[in-house]
Amino acid sequence: MQRAAKCALRLDLSRAFCPSSVRNCPAINKVNDTVLCRRYSVLPPPRDKEEKAMLDSMLRVDHAGEYGANRIYAGQMAVLGRTQTGPLIQHMWDQEKMHLEKFDEILGEHRVRPTLLLPLWNIAGFALGACTALLGKEGAMACTVAVEESISEHYNSQIRTLMETDPERYTELLQLIKEFRDDEIEHHDTGLEHDAESVPGYFLLKTAIQAGCKAAIYISQRI
Amino acid sequence: MAALIRGLKAGRALRGLRSVAVQGTLSPQCNNVRRGFHRAALLRLASDSKSDTSVPPPSYHEVHTAGESSSSSAQGESSEGAQSNTSFQDQSGEHGEDYETEEQLQARILTAALEFVPQYGWTVETIAAGAETLGLSSASTGMFNNGAGDLVLHFIAQCNAQLAETLAEQNNLVQLGQAESKKTAEFLKDAVEMRLRMLIPYIDSWPQAMSILLLPHNIPDSLKHLSTLVDDIWYYAGDRSTDVNWYTRRAALTGIYNTTELVMVQDSSPDFEETWAFLDNRIKDVVNMANTAKQVQATGEAVVQGLMGAAITLKNLTGMNQRR
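Protein chains in written order, with UniProt numbering: chain A, 1 to 223; chain B, 1 to 324.
Quick caveat, the hints were computed from the structure, so don't treat them as lab data.
For glycine and all other residues, C-beta sits at the position ideal for the given N, C-alpha and C.
Be careful, since some hints might not be right.
Claimed, not checked - Some but not every residue of chain A turned toward chain B, in silico, with C-beta under 7 Å:
1) D104
2) L107
3) G108
4) R111
5) P119
Construct all of the structure, not just a fragment, from the sequences and the given hints.
Spelled out as structure tokens, the structure:
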């Protein structure tokens, strides 16, 4: 019901403050403009179908990425939860949970379709986290380093795309992605500090995990 | 001698103007432009006679470029003018400065054609009849590459937009506290019923429309309209899920909508009572299935917890749980 109250607020103010061009644009589904107002949401109201499709696929893959990261940490905690590294992994997991919550909110608000492969990422993420954690603390840290490096590279490329298109239009979204990217880089550095590189076969493991991440990102953007 | 040269220059100028003016002869609005050219040419002659210097007066260039730009816009205009004389006058009789796009014109023709559907069915003749009521020739059906498919898709898009608008208004009322929010099952039932009632005026010919929508080249568009419809209904029913439920809910509602549509087409009861009863039962089925799924999940979790408890008790009993 909180959301309904927020929506009501947005409704009243959106009528007053939103540029009339949003309401006059025939290409947009007109009913959307009651919930989309620049002042309160992260995304600007979409001005045409191409922009909506681009933002949709960006948010879809980001949501899938945070969901996968969440499950990876869950897998790691399942194995290493009661050891010394438990609290460290729990802390990183909590930050990922916050990211996922934020993306859930954005997806619901802007009617973005989540990726169909979420159940697959659920199982694959948990399995990856648990298997690397079975290699010990160094294995778990190596997995973290590989995944966080992929994710921060991905966020960087999204930031580049948005900046090239129109930095002023997407200020809030850019701010959000930059914040999340900084968190992911912090996780990456934490992993390196905690002896990620000392796991046997580090290079092979890292390359394999990053290849998997790239494939997952590619598919989630489309499906 | 000087006069001869001046005369030649003037002739060249006029010929140049004429070639520009020829491009614009198709539209009557270019008459003004040509008169402008004439006046400019006369001005040039006058200025030539005043001074022997061959500095080209800036006015000539301005007129020339203005002429080119207006003649190119006239070209665009003339192609639309050939298609529809209504761009000069809208239905209210005003002379339109803003031309309508081809899509807007097509939309107007198709909307006008809908009233002839009971008479001619979903065919190109209907579109021709609609075009004729707007004062256009029936040959303007050539604009529609997809023929009857365009008409059906237009009708569906119109119905969906109308439904979305009504649902948005209801949503506003609920958020402003002026109306009670409905439970999900009731909301879905009302939304689907509202959408299907829009078919009632065309129900006799609707099987023909459905078969047109099933043609291979129409399937992508009809699926897109169906998915937008189902997404809109769930959105206003309050669904904000971001997991697999997003897909299962929409799939369920698509199934309900399609089967109810089929029932409606062969329903002969007064005011389609049997259709609404069928719809009610299907929605109840889906709600039951969802509840059952939740119960199964809860039971499963309880069973797992019980098993874990039993395992720990056994470990304690056999002394395996102690640290050595």
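Each hint, compared with the structure:
Contact between D104/A and chain B, as hinted, is supported at the beta carbon level, the nearest pair being about 5 Å apart and thus within 7 Å. At its closest, the beta carbon of L107/A sits 5 Å from a beta carbon of chain B; the interface hint therefore holds under the 7 Å criterion. Interface restraint check: G108/A against chain B, minimum CB-CB distance 3 Å, threshold 7 Å, status holds. Hint status for R111/A relative to chain B: holds, with the closest Cβ pair at about 6 Å, below 7 Å.
For P119/A, the suggested interface contact is upheld, since its CB lies about 6 Å from the closest CB of chain B, less than 7 Å.
Checked against the numbered hints given earlier, this structure breaks none of them.
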